[in-house]
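> Sequence:
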Amino acid sequence: MNDSTHTQHRINGNLLPLRFVRHSFEAKAYNTRRCSVLYDHHEFTPYAIDTPTRQPPSADYRDHWNYAFYLGVRNFPGPARVTWTSKDGTEHSATIDLAEIFKDERVLNNVPDDEFVPDMYPQGLFLDPSVYLEVNDRTISVYMRALIPTRHRQIPDNEYSDARDDVILAWTHTY
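Read left to right, the sequence shown gives residues 2 to 176 (this note's numbering).
By construction, these hints were calculated from the structure, which means they are not laboratory data. All the given hints hold, so there is nothing to weed out.
What follows is a list of derived Cβ distance ranges for each label pair: (1) Asp89 x Pro47: 19 to 25 angstroms; (2) Met121 x Trp66: 23 to 29 angstroms; (3) Thr175 x Leu126: 32 to 38 angstroms; (4) Pro53 x His153: 40 to 46 angstroms; (5) Gly90 x Asp114: 45 to 51 angstroms.
Beta carbons: idealized from backbone N, C-alpha and C, even for Gly.
From just these sequences and the hints, can you work out the full model?
Below, the structure written as structure tokens:
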């Protein structure tokens, strides 16, 4: 992760690490009997609240997530409130403080500083990284994904691979 320092510094005309002032949001739920996620006064339950959720479709399921669909959320409108019933029938309630998790408003990414396209981020700001809140049985995790163009192809034979958009774990807790 681009984590050499939390203090911004300039490399190839880019102010790094990147910061964000708005984000996109989406909730994901797996292996629950019921689940409700409230954030920014909206219900983000991916299914009907009282409907059991299925297990993840594959081991690499997070790599197949689309970008978060609730766009342009100003950092941070308040905590996410999660109520759910895990697979074993235990009821849970949690308040997830995204402002605390992302208190430095730093864009999480795996792009080395010298791999950023020169002069692409002169002000060090990134628009709307995706923030996902995942409920999976008894565990809540928060992830970030940002599409960062790179100077070089990430897959040498693929001319369309000049970017990274890794899903990166920011926080997790098992209840």
